[in-house]
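Chemist: This is what each chain is made of:
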Amino acid sequence: MTWVEGLLRYRHTVLALLAAALILGLQARFDLPVQLFPDTDPPTVTVITEYPGMAALDVDRELTRLLEEEFASLDGVTRISSSSQTGLSVARVEFDYGITSALAAVDVQNAVGRLRPDLPATIEEPQILEFSTADKPIITIALTSDTLALDAIREQADNAIRERLEWIPGVAAIDVVGGHKRELHVALDPERTEALGIDMPQVLEALDDWNLMAPGGRVRIGELESVVRFDAPLRSEADAREIILVADGDTRVRLGDIARVRLEPGEPRAAYRHDGQAAIAVQVLRRDDANTVEVAARVREALEPLRDAAPELNIVVADDDSVFTEKVIADMTQTVMIAIALTMVIVLLFLADLRQAGIIALSIPAAFLATFGLMQLASLDLNMVTMSALILAIGLLVDDGIVILENIHRHLDEEGQPPRQAAIEGVGEVFGAKLGGTLTTLGVLLPLAFMGGFIGELFRPLALTLAFALSASFVMAVTLIPLLATYWLRPATSTATPRWRETLEAPARGVRHLYLDVLALALKRPLATLVVAVMLLALSLGMLRMTGSEMLPRFDSGGFQVLVDMAPGTRLDTTLATLEPVERYLAEHEYVVDVSSQFGHETGARSMGDRGAMGVNQAEITVTLVPRTQRSLTQWEIMDDVRQRLETTPGVTLAVPRELGGTARSSTAAPIIARISGEQAQTLDHTASDLLNHLSGIPGITDLYKDWALDTPEVRVRVDHDRAAELGLTGAGLARAVHQAMDGAVATRFRQPPKRDLDVVVRYQASDRRYPEDLEGILLPTREGPVALGEVASLEHTLGPRIVTRENGQRTLDILGFHLGRPLSEVVADVQQRLDTFAAPDGYPATLAGEQADFDEARDHMMRALLLAALAVYLLLVVQFRSFAHPVIIMTAIPLQFIGVVAALLIAGKYVSMPALLGIILLIGIVVNNSIILLDLARRRLAEGLDVYAAVTEAVETRMRPIMMTALSTIAGMLPLALEMAVGAERFSPIATVIIGGILAATVLTLVVIPALFVLLHRLVPALHTARG
Amino acid sequence: MKASRTVCRRRALRRTLGLLALGGVAIVTVWSATDRLSERFSPEAARAAPPPAVTTISAEPTGATLYSAAYRGSIETRDETTVSARVAARVLESPLHAGDRVEEDEVLVRMDTDETRLEVQQREAAEQRLDGERATAQRNLDRQQDLFSRDLIPESEIDDARQRVATLEAQLRENRSALELARKRLEYTTERAPFTAQVRRTHVRPGDLATSGQPLIELVGLADLHAVLRVPERDTLLLKPGLDVELTIPALDHTVTSRLDRVYPTLDTSRRSGSFETRLTEPPEALRPGMAVQARVVLEHLDHAIRVPAHAIWSDAKSQWVYRLEDGRAYHTEVVSRSLPNGERAILEGIEPGDRIIVTPDRRIRDGMPVHAVDDSPR
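Going line by line, the protein sequences match chains A and B. Note that numbering that gives the first Met the number 0 numbers the first sequence so that position 785 is 784, with each residue one more than the last. Note that numbering that gives the first Met the number 0 numbers the second sequence so that position 76 is 75, with each residue one more than the last.
No lab work stands behind these hints: they were computed from the structure. Note that the coordinates shown come from a computational prediction; the quantities given were computed from them, not determined experimentally. Check each hint, because a few of them may be wrong.
[As the list claims (entries may be wrong)] The following residues of chain B were derived to be distant from chain A, with all beta-carbon distances above 12 Å:
| hint | residue |
| --- | --- |
| 1 | Ser-41 |
| 2 | Arg-46 |
| 3 | Glu-79 |
| 4 | Thr-280 |
| 5 | His-303 |
| 6 | Val-335 |
| 7 | Glu-348 |
| 8 | Glu-351 |
[To be verified] Examples of chain A residues lying across from chain B (beta carbon under 10 Å, computed):
| hint | residue |
| --- | --- |
| 9 | Glu-193 |
| 10 | Ala-308 |
| 11 | Thr-546 |
| 12 | Ala-566 |
| 13 | Glu-646 |
Glycine included, every Cβ here is placed at the ideal spot set by N, Cα and C.
Full structure from sequences and hints, please.
Modeler: Below, the structure written as structure tokens:
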């Protein structure tokens, strides 16, 4: 019993199974999680440790370095990077893809535990987070109000809103930004405290002592027992004011006598603005394993009740990653439809039969639904990559159907068999060949699915989706199509060709004749043909080397971020005032949807961007544009406009607009990174400045800047040891006193249930801690009475680093750069050339990191995949042809594709990139199919005794139609992707471009060069003929 | 024949069309390739970094005052006294309390006088008695002399009578002194204010037994109030009598200008701080000794200084400079400047009136670098 006989006998079972698969597929389509990109970030654990009051270099030396050394010994660690800033250490540990972030976090937690006794005593408890602090919040909610002050809004954000959102599954953390957090502020008047002989520690202690909540044990009352409690916490400003600091005879000194006590917004070190208007931002960070679109949808849903509960608040979603994702998926779905329509037009034109076209049309959604089902089983999701794979699949998945249907139709029409018989024989004849063809393509996809590394993570979903689609299409071609054909196909009623078909066939015939003419010419001069082909190939390969390359094509995501630095040391209000006009300009821009700006770093916030916690002189402006299809300016033009505006703003020292998703890996900060490593901060800074000058002027680099420098104003307090000792002061005590006076100390917590506790902060009143002379006037308690700092220390103005970074245990300083107009490879080549001529001091090597390093790694993986794919195809062909030599001829088509690939890339104005390389690999599986069909027939005719010319000519004549048809349908299917009709399609369009070019070239050349080679080989090696015979 | 010609013509047409199509593709490809190659070998030059945008201010000479650092100290007075008990007695009356004002000679404390008064009375009585006895003895002596002149009695009797008078006179004198002393002690039971003052503290309450020498009440005179301020060791050299002092009394929220009267010659060894004194010519009503004061000494008045925000001045270990804007470029100009309060500095030398000084603290600015001056910001 043949396959189709069995199929027909058990058709009910088969149809039921198919129906079940389709229903499951349909359900899967709606259940599949949606995201923009596959999750290619390696499992990352971040350790944030606060080290209050310490300078960046000290944090680096005493804390971060120790943590790094401990983490280096953990299993599966691939990269450790860290940054140290004033009072803050952030260490980021990346693990192998095989390790789950939860397990990695446990390892890191244990490592911190082991190290804890060796760490400085004054650090806060290290926070271990299962995500990277460089991750952008997935959704930012801006809160404003017409009636409430910002601190009141902030209080609501910190309580009701935060609480509601933290409960949402998938939310890792909520950061509230906008430095208006309230505190119970005790502003000491240093004159009064001195006059009354009170010092700061006394105040701190009194506040803590009288914010009373303590246990008192148990007492028996009759047969019952009661708990004894001291419950007299501070409940109001007045309570705090009444605290007695000194009681001497009748005299009482109360806190209110020496300080202003108020519940008020704390000193802002961060601010947020939405569309240029001051607001409070609530930022949602997702868990590493959660889905952006789902979490964002839940967050948006949760906002509704919050809006109802607080009508005085304007709750606006200012930045939502999922909007773009949804737009991309919707656009790509539309592209899928267009691709299907185009393919169907080609099919209809070639088959010229509505019934046949109808059967093919039915098989496409069926194959798709089955693909969705398989994707769900493999836990894939719908993203740019898998959607691109689906678009690519359309062109390929009709192939099997067309060939099988045509064969059935031939049996039905030309041999006059009944439909059932036609189906049995039609399928039987090509079943093996089609299975072979499908296996060849799958053989190419297999190495792609297991490439490893970042690129493997990126392309595995694509390879799997394509594999699923092709397998599904094969299954549909051998099940659904014969079944439908049996019932639907009827032999042609008349032999006369309809007029419309005649009109269409004329040019096709023209092409065919032209082809045969060319073939005749080629077969007459096979050597010359080969030489021309080889020359073309050499030219193309040469051109391929000359044309630039990039990791991933840039895409107009409609969103960018502007990193702004004001002169180091600029105060927050100056930064805010300076940038306001630019924000307003952007907010009023016709193509701008939202402008969301963050200034400085909110203490405790976990999302920091990849510049580390920002200083108050720094800002990040996130701009969301309308989709690229709805504007006449590209994102890069708008970015350049913003850059120019900022460059003419006094005080702005750095303005770098970066497209979101500008680098392929989110952990790579910029496409171009020149990294200097070394130990001395001063030498690093100096070398980096030299290198920066050395690198400037390279064409195509838009922004070039150092990630840190010794440029932040510092006032160093040089303590006179003798004087301090004479007065009984210690260095640490002195520093603590100064820190408490200037920056404040948290004395205790102000409880206000059910709301969150607030800090009770004691510091000098604002007017006494503004200028250096105020610093000199800070009173230090000594046994001789209070002494001003100026009496025991002198001040020195110097410069220090804002942040210090390390990479895999080495202190580093990165020079980051972005490029525009020129492909990355060329810019990087220039950078490398200049690096080679750069005289770096000994022990301070400058190396190239960034996107290029990722690209090199990815290219290695892809080259390996390419070779493995070619090997797999060869081995499959050896099995199929039972010959070691013929597969070589067949595979000659593979290099020929490069001619088309290069031409297509040049015409489309695209560069070699990872997707283009992927296209080249996929082409291996596609182009050999033509050769297979061609040589299969030629060999058969040869075996039947025809001479080699006749055999080849017949093979070309007979096989030309199906070859053209599959090629054209594939091209039609891929055209919408190549034309980048969907938003976001730019990323993977080179796959389609390359495949279209490759298929065109391979098709044309397969039909000319392969026969010529075949003839030539037969002429040169007659043994081939005889051996096979 | 005709058919074969048609076939031939068709073939030629096909070939032409085919060649045209192929040629078209080839031309587009070659054109793109040339484009790409020219892009590679002669790329568009990198955009030059734009000159930093800066704001400037015009140098305008104005008056400026150079102050010392802020010093701390307190209000002191020279009239201070503690009134102590001169006799041991029970306190009867102590009408004053801390803060009360007393005029000169006003009663401060009244003590029990019973004992001293009785003693005075006793002495007065004794005086009367002794006086009587002395008169009798005198009369006796007169009589004895008369008798002796008539040789009625021997001389020794006159001598006895004379001795008796002399003894009684001595006793009388002694008693008088004792009486005087008792009267004084009586007077000591009432303590009076030595000068117009305020009571700082009272040590006794009515009923207390005050012993001699025990403090009863402390008084502070409110005339001649002056401020004594502590100065770090190294600042003592800057100060000379005659300088103006801006004195702030935080408790009263009061600021007055006074004159530095004297710099104390020695330093306090424990704190290594010197001190100076300045008298308040018109002290505010509520001013009290012991109040905290803060003072800045006016070191110098400058008539033609150029005031700039402190961040406009750059400095290293050797020099200070500003960047001057001239013809669209920044020029490094060394200056001499002094610190003013509230984040300003005064340029004393190096800048001419009317020069434009760059006030944007941009570290990229170098000598001779082109800069882009944006609308001058008001200072």
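Chemist: Hint by hint, say whether it matches the structure.
Modeler: Here is how each hint holds up against the structure:
1. Ser-41: Since the minimum Cβ distance to chain A is about 9 Å, B:Ser-41 lies within 12 Å and the statement is violated.
2. Arg-46: violated (7 Å)
3. Glu-79: holds (19 Å)
4. Thr-280: At roughly 23 Å from the nearest Cβ of chain A, B:Thr-280 sits farther out than 12 Å, so the non-interface label holds.
5. His-303: holds (24 Å)
6. Val-335: Holds, because the least Cβ-Cβ distance between B:Val-335 and chain A comes to about 17 Å, which exceeds 12 Å.
7. Glu-348: Correct as stated: the minimum Cβ-Cβ distance to chain A is 21 Å, above 12 Å.
8. Glu-351: holds (23 Å)
9. Glu-193: holds (6 Å)
10. Ala-308: violated (45 Å)
11. Thr-546: Hint holds; A:Thr-546 Cβ to chain B Cβ min 6 Å, cut 10 Å.
12. Ala-566: holds (4 Å)
13. Glu-646: holds (5 Å)
Violated hints, listed in ascending order, are 1, 2 and 10; each of the other numbered hints is respected by the structure.
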